[in-house]
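K.L.:
Sequence:
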Amino acid sequence: KAREISEKNGYAAKYSRASIFLAKALNEGGKSEEAINILKNSIDTASKYKLQDELAYSYRQFAEIVLKSSSDISPALAHAAKSREYTLAIGDSAFLGSTDLTLGKYFLKAGKYKEALEFTQQSLDFNYRFKEFSELDIVYQQLAEIYAAMGDFKNANIHLRKYEHIKDSVLK
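In terms of my numbering, the sequence shown is residues 887 to 1058.
Since the hints were derived computationally from the structure, they do not count as laboratory data.
Keep in mind it's a predicted model, so treat the numbers as computed, not measured.
Worth double-checking, as some hints may not be accurate.
Stated by the list, open to error - If you anchor each label on the Cβ, the simulated ranges turn out as follows:
id, residue 1, residue 2, range
1, 976, 910, 17 to 27 Å
2, 917, 1034, 27 to 37 Å
3, 927, 956, 13 to 23 Å
Unchecked claim - With a straight-line cut-off of 16 Å between C-alpha atoms, the simulated EDC-like cross-links for lysine to aspartate or glutamate are:
id, residue 1, residue 2
4, 1048, 1021
5, 1000, 1031
6, 968, 939
7, 936, 971
8, 1053, 1038
9, 1053, 1021
10, 968, 930
11, 954, 939
12, 1000, 978
13, 1053, 1023
14, 998, 1038
15, 954, 919
16, 954, 930
17, 995, 1031
18, 995, 958
19, 998, 1023
20, 910, 920
21, 954, 914
22, 1017, 978
23, 900, 939
24, 1053, 1004
25, 900, 919
26, 1000, 1038
27, 1048, 1001
28, 998, 1031
Glycine included, C-beta positions come from ideal geometry on N, C-alpha and C.
Throw the hints in and build the complete structure from the sequences for me.
P.N.:
Right, dumping it as structure tokens:
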């Protein structure tokens, strides 16, 4: 009903964004099925009104929920890739770096280290190129984890030191 009223009164984007936050809260409360249903409605509304930014955020949240509620990582990767596609379309550099970091995390969890390294490195590049340092410590930590999983302990140590330095620096 809220969706219908929101769309009728021109508030589709606000409905979609509120749905994303509600889904996140429901998921954190252990209600992933309800969260998924709400996100499906959010995606339907955002698709209907061509709200690419809302689609990017909805698919990203969808990926997070699916990742937590299933041992099969494939659907999470598919939703994260959709989020990246919409993020590229809207040109949101900060969110793209964050989305690539998320994709790197998913590939690391799946044991696909080459892809994990590629996306995490892209995230690092975006952080520096667009001076978005809020996730820089997480990027270096993830790079250390990837290199360690690959058996490259020299690079793992280098990135772990960068993580520790940035974690305690003024950038954070």
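K.L.:
Could you run down the list of hints and mark each one as holding or not?
P.N.:
The hints, checked one at a time:
1. Restraint check, residue 976 to residue 910: a C-beta distance of roughly 20 Å satisfies the suggested window 17 to 27 Å.
2. In this structure the hint that residue 917 and residue 1034 lie 27 to 37 Å apart at CB holds, the actual value being about 35 Å.
3. At about 20 Å, the CB distance of residue 927 to residue 956 agrees with the hint of 13 to 23 Å.
4. Distance hint between residue 1048 and residue 1021 is fulfilled; the C-alpha atoms sit about 13 Å from each other, no more than 16 Å.
5. Between residue 1000 and residue 1031 the CA atoms are separated by roughly 13 Å; this keeps the pair inside 16 Å, and the hint holds.
6. A C-alpha spacing of about 12 Å is found between residue 968 and residue 939, which places the hinted pair at or below 16 Å, so the restraint holds.
7. Of the pairs offered as hints, the one joining residue 936 and residue 971 holds, with about 14 Å between alpha carbons and a cut-off of 16 Å not exceeded.
8. A threshold of 16 Å between alpha carbons decides the hint, and for residue 1053 with residue 1038 the separation of about 22 Å lies outside it, so the pair is violated.
9. Straight-line distance between C-alpha atoms of residue 1053 and residue 1021 comes to about 10 Å, which keeps the hinted pair within the 16 Å bound.
10. For a cut-off of 16 Å, the pair hint linking residue 968 to residue 930 stands: about 14 Å separates their Cα positions.
11. The hinted pair formed by residue 954 and residue 939 fails the criterion: a straight-line CA distance of about 23 Å is larger than 16 Å.
12. Between residue 1000 and residue 978 the alpha-carbon distance is near 25 Å, which puts this suggested pair outside the 16 Å criterion.
13. Note on residue 1053 and residue 1023: the hinted pairing holds, with a Cα-Cα distance of about 6 Å set against a maximum of 16 Å.
14. At most 16 Å may separate the alpha-carbon atoms for a hinted pair to count; residue 998 and residue 1038 meet this at roughly 15 Å.
15. A distance of roughly 12 Å separates the Cα atoms of residue 954 and residue 919; the hinted pair therefore holds under the 16 Å criterion.
16. At roughly 22 Å between alpha-carbon atoms, residue 954 and residue 930 are farther apart than 16 Å, so this suggested pair is violated.
17. At roughly 10 Å between alpha-carbon atoms, residue 995 and residue 1031 fall within 16 Å of each other, so this suggested pair holds.
18. Of the pairs offered as hints, the one joining residue 995 and residue 958 holds, with about 10 Å between alpha carbons and a cut-off of 16 Å not exceeded.
19. Of the pairs offered as hints, the one joining residue 998 and residue 1023 is violated, with about 22 Å between alpha carbons and a cut-off of 16 Å exceeded.
20. Note on residue 910 and residue 920: the hinted pairing holds, with a Cα-Cα distance of about 10 Å set against a maximum of 16 Å.
21. Among the hinted pairs, residue 954 with residue 914 is consistent with the structure: their alpha-carbon atoms are about 10 Å apart, no more than 16 Å.
22. For the hint linking residue 1017 to residue 978, the alpha-carbon distance of about 13 Å falls within 16 Å, and the restraint holds.
23. Proposed proximity of residue 900 and residue 939 is supported: the alpha carbons are some 12 Å apart, at most 16 Å.
24. Note on residue 1053 and residue 1004: the hinted pairing is violated, with a Cα-Cα distance of about 23 Å set against a maximum of 16 Å.
25. A threshold of 16 Å between alpha carbons decides the hint, and for residue 900 with residue 919 the separation of about 22 Å lies outside it, so the pair is violated.
26. Annotation: proposed proximity of residue 1000 to residue 1038 holds, straight-line Cα distance about 12 Å (limit 16 Å).
27. With a C-alpha separation of about 21 Å, the suggested pair residue 1048 and residue 1001 falls outside the 16 Å cut-off, and the hint is violated.
28. Taking the CA atoms of residue 998 and residue 1031, the gap is near 13 Å; set against the 16 Å cutoff, the hint holds.
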